[in-house]
Amino acid sequence: MPKIGNIELPDFPLLLAPMEDVSDPPFRALCKEQGADVVYTEFISSEGLIRDAAKSVLKLDIYEKERPVGIQIFGAELDSMLQAVDIVEQSNPDIIDINFGCPVKKVVCKNAGAGILRDIPLMVKLTEEIVKRTKLPVTVKTRLGWDSNSIKIVEVAERLQDVGIMAISIHGRTRVQMYKGEADWRPIAEVKNNQRMQIPVFGNGDVDTPEAAAKMRDEFGLDGAMIGRASIGYPWFFKEVKHYFETGKHLDPPTMPERVDAARRHLQMAIDWKGEKLGVFETRRHYTNYFKGIPHFKEYRTKMVTSDDAVDVFAAFDEVLEKFGDFQFA
834 MPKIGNIELP DFPLLLAPME DVSDPPFRAL CKEQGADVVY TEFISSEGLI
884 RDAAKSVLKL DIYEKERPVG IQIFGAELDS MLQAVDIVEQ SNPDIIDINF
934 GCPVKKVVCK NAGAGILRDI PLMVKLTEEI VKRTKLPVTV KTRLGWDSNS
984 IKIVEVAERL QDVGIMAISI HGRTRVQMYK GEADWRPIAE VKNNQRMQIP
1034 VFGNGDVDTP EAAAKMRDEF GLDGAMIGRA SIGYPWFFKE VKHYFETGKH
1084 LDPPTMPERV DAARRHLQMA IDWKGEKLGV FETRRHYTNY FKGIPHFKEY
1134 RTKMVTSDDA VDVFAAFDEV LEKFGDFQFA
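Count along the sequence shown from 1, add 833, and you get the number used in our numbering.
Keep in mind the hints are simulated off the structure, nothing from the lab.
Bear in mind the structure is a predicted one, so any value in this text is a computation, not a measurement.
Glycine included, each C-beta is placed from N, C-alpha and C at the ideal position.
Be careful, since some hints might not be right.
Distance windows between CB atoms, simulated [as the list claims (entries may be wrong)]: (1) Val1144 <-> Lys1048: 41 to 51 Å; (2) Glu897 <-> Asp919: 36 to 46 Å; (3) Asn1027 <-> Gly1081: 38 to 48 Å; (4) Asp980 <-> Asp919: 26 to 36 Å; (5) Gly1081 <-> Lys985: 32 to 42 Å; (6) Lys1125 <-> Glu922: 38 to 48 Å; (7) Glu962 <-> Gln1161: 49 to 59 Å.
Start from the sequences, fold in the hints, and give me the full structure.
Below, the structure written as structure tokens:
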């Protein structure tokens, strides 16, 4: 059974990936209910934390029902990252995760996220100092490399382990690829098969079916899967993967009443947590997947994603349940 520090995990755990404006407390709660074994917060800017930026500080909110939960931070300046660690510790997470994988330009241009893959010595030095700064287990999420000509993930993972990280999650693409093409899990398997590696190695990227998760486990021999885009608007994915592992069969998809109930709870939790305006706005991205596959649904989806008034969105849920309540999902 894999462990992150002293945190014991089940065989081949499923982890909810840190995703900006997605992995917030309401969504993490839903994923936890549906079988996620470890959840991570949205990535948090170290510079934002030390400046007490409201959006960054809000992301520190975690709840007992989420545990084990990791708070993920990013940055490239040592002093800022160490101060951020001190602030994060006050929220009492189970894990501190370092983001060395975000490919978006506004992060990379500051040499943070995947940008640091162009400076491996800095990546290792930052990690070493963060491990020294905290008693919490430190994990890393990263990519294969900056581009196809600079993939040194086996060496990088070994060096990060040597300075004290307790687990590593690797997305099977380079930064240059962004999210294009297929994720390549073979280099991740090379990391796992390195005889010097003693920490869990989790795979990330294109785990979008139960079969894909099984392949990552059985053919590539990884210790677990980090689930990202497949879970957006579909927290049931974790439960479906576990059912497939246990039975070899697909679990029946959630019914329309179950989907409406989840969407309703999701929106209400979001409003309770961040207020109506942000709650309504940031939950919109989930509705396409909550109600994917329903014919002639555009009118209702439009209501959900264009209204700024929570009352109107809840009313749209009621309309959907009344009109499509008996719809059978494939």
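A quick look at each hint next to the structure:
| no. | hint | in the structure |
| --- | --- | --- |
| 1 | Val1144 <-> Lys1048: 41 to 51 Å | 45 Å, holds |
| 2 | Glu897 <-> Asp919: 36 to 46 Å | 22 Å, violated |
| 3 | Asn1027 <-> Gly1081: 38 to 48 Å | 31 Å, violated |
| 4 | Asp980 <-> Asp919: 26 to 36 Å | 35 Å, holds |
| 5 | Gly1081 <-> Lys985: 32 to 42 Å | 38 Å, holds |
| 6 | Lys1125 <-> Glu922: 38 to 48 Å | 40 Å, holds |
| 7 | Glu962 <-> Gln1161: 49 to 59 Å | 55 Å, holds |
Hints 2 and 3, counting from the list given before, are not met by this structure.
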